[in-house]
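S.K.: Kindly generate the complete structure, drawing on both the sequences and the hints.
Protein sequences appear in the order of chains R and E. In terms of the numbering used here, the first sequence opens at residue 1 and continues consecutively. In terms of the numbering used here, the second sequence opens at residue 1 and continues consecutively.
Think of the hints as simulated: they come from the structure by calculation, not from any bench. Certain hints may be false.
[To be verified] Here are the simulated EDC-like cross-link-like pairs (lysine to aspartate or glutamate), alpha carbons at most 20 Å apart as the crow flies: (1) R:Lys11 - E:Asp12; (2) R:Lys54 - R:Asp106; (3) R:Lys149 - E:Glu89; (4) R:Lys149 - E:Glu114; (5) R:Lys2 - E:Glu114; (6) R:Lys7 - E:Glu97; (7) R:Lys183 - E:Glu101; (8) R:Lys183 - E:Glu89; (9) R:Lys8 - E:Glu105.
Values in this document were obtained by computation on a predicted structure and should not be read as measured data.
Each chain, written out:
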Amino acid sequence: MKIVAAKKILKANDQLAAENRGEYDAAGVFAVNVVGSPGSGKTTLLEALFAHLKGRIKPAVIEGDIAGSIDADRMERIGVPVVQINTDGACHLDAVMVASANKELDLSAVDLLFVENVGNLVCTAGFDLGEHLRIIVLSTSEGDDKAVKYPAIFQGSHALFITKIDLLPHLNFNVNRINADMKRLAPNAPVFQVSALRGDGIPVAAEWLAVKVAENHR
Amino acid sequence: MHELSIVEALIDQVGEELDRAGQRGRVLRLELNIGRLSGVHPDAVRFAFGLLSAGTIVENAEIAIEEPRAACQCHACHARTELDDLVFECPHCGAAEVTIEGGREMTLQSIEIED
Numbered sequence: 001m002k003i004v005a006a007k008k009i010l011k012a013n014d015q016l017a018a019e020n021r022g023e024y025d026a027a028g029v030f031a032v033n034v035v036g037s038p039g040s041g042k043t044t045l046l047e048a049l050f051a052h053l054k055g056r057i058k059p060a061v062i063e064g065d066i067a068g069s070i071d072a073d074r075m076e077r078i079g080v081p082v083v084q085i086n087t088d089g090a091c092h093l094d095a096v097m098v099a100s101a102n103k104e105l106d107l108s109a110v111d112l113l114f115v116e117n118v119g120n121l122v123c124t125a126g127f128d129l130g131e132h133l134r135i136i137v138l139s140t141s142e143g144d145d146k147a148v149k150y151p152a153i154f155q156g157s158h159a160l161f162i163t164k165i166d167l168l169p170h171l172n173f174n175v176n177r178i179n180a181d182m183k184r185l186a187p188n189a190p191v192f193q194v195s196a197l198r199g200d201g202i203p204v205a206a207e208w209l210a211v212k213v214a215e216n217h218r
Numbered sequence: 001m002h003e004l005s006i007v008e009a010l011i012d013q014v015g016e017e018l019d020r021a022g023q024r025g026r027v028l029r030l031e032l033n034i035g036r037l038s039g040v041h042p043d044a045v046r047f048a049f050g051l052l053s054a055g056t057i058v059e060n061a062e063i064a065i066e067e068p069r070a071a072c073q074c075h076a077c078h079a080r081t082e083l084d085d086l087v088f089e090c091p092h093c094g095a096a097e098v099t100i101e102g103g104r105e106m107t108l109q110s111i112e113i114e115d
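M.R.: This is how it looks when you write it as structure tokens:
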């Protein structure tokens with residue numbers, strides 16, 4: 001006999017993601033899923049954004065890594081509450097891992113939560129974690145063709161952060177090309193050009209996030 | 001290899017569907033739809049299924065995968081083109097004003113069990 005199911009395979013993940021989102025909404029937390037390649041500068045970007053928003057927002061971070069706590073240690077050093085998830089080899093976070101990390105945080109004392117995903121442009125695309133926004137981080141040294149080569153992750157993202165913009169004079173990276181590709185894949189997503197180390201573009205990007213956090217409180 | 005966690009979710013889901021239907025029979029065949037733009041590779045799903053199905057209710061089940069195509073809807077010439085791969089321009093007129101529809105689904109369509 002045949003049982004007709006016709007259900008999404010990741011239905012269980014999506015349901016738990018919706019519960020995570022409900023928990024964030026109840027606590028007034030604005031949650032951002034941060035995706036990008038290993039070494040694209042996700043953690044350094046978060047450090048720069050937190051430095052700019054210091055005293056104005058109550059941040060927290062969930063760090064997803066295959067192993068170790070290097071990124072979580074960096075957050076602790078700047079005084080940001082952090083929970084480290086080690087995926088033991090898994091190439092992406094899922095809603096189950098994030099739900100257990102939420103329990104380790106005092107969400108009532110947080111208004112901006114970054115969930116820094118495992119560095120990966122493929123596997124992270126399919127898993128809703130319960131975030132309100134997904135931002136993709138692409139460094140100039142990775143090349144301007146990445147949106148075309150990994151369309152799914154760019155397509156589902158709400159903003160693009162081009163990092164290491166200070167390296168542009170040394171690279172063959174065409175900002176117009178990535179802008180045009182992003183426009184087609186995610187027409188409403190703003191593109192921020194930043195150098196987290198030098199500070200270029202950080203104020204504009206941080207204020208954009210501050211507005212999102214304020215809107216979430218309304 | 002996110003196919004591993006996808007197949008894990010699939011096996012759990014088959015269990016839930018069987019419980020819901022009150023069935024205990026051996027699973028013979030699963031039908032899946034995996035869209036061509038889903039970022040999931042059918043061969044990797046089959047490989048992961050071989051690894052993860054051992055000792056579960058779906059051990060030795062056949063797995064049949066349909067790969068629905070996406071479509072490109074052009075807003076300039078209004079042509080609708082079926083796609084195997086993502087495009088950024090209308091394959092007919094080259095316009096960039098296109099909407100890509102479908103091709104991203106990942107569903108468990110049906111479960112066949114021994115009577």
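S.K.: Next step is simple, just say for each hint if it's right about the structure.
M.R.: Against the structure, the hints come out as follows:
Between Lys11 (chain R) and Asp12 (chain E) the CA atoms are separated by roughly 11 Å; this keeps the pair inside 20 Å, and the hint holds. For the hint linking Lys54 (chain R) to Asp106 (chain R), the alpha-carbon distance of about 19 Å falls within 20 Å, and the restraint holds. Taking the CA atoms of Lys149 (chain R) and Glu89 (chain E), the gap is about 15 Å. The hint holds against a cut of 20 Å. Distance check on the hinted pair: Lys149 (chain R) and Glu114 (chain E) sit about 43 Å apart at the alpha-carbon level, beyond 20 Å; violated.
Between Lys2 (chain R) and Glu114 (chain E) the CA atoms are separated by roughly 9 Å; this keeps the pair inside 20 Å, and the hint holds. Of the supplied pair hints, the one linking Lys7 (chain R) and Glu97 (chain E) is violated, its CA atoms being roughly 32 Å apart against a limit of 20 Å. Proximity of Lys183 (chain R) to Glu101 (chain E) is assessed by CA-CA distance (about 16 Å); at most 20 Å being required, the pair is judged to hold. Taking the CA atoms of Lys183 (chain R) and Glu89 (chain E), the gap is near 12 Å; set against the 20 Å cutoff, the hint holds.
Distance check on the hinted pair: Lys8 (chain R) and Glu105 (chain E) sit about 8 Å apart at the alpha-carbon level, within 20 Å; holds.
Hint violations for this structure: numbers 4 and 6, all remaining hints satisfied.
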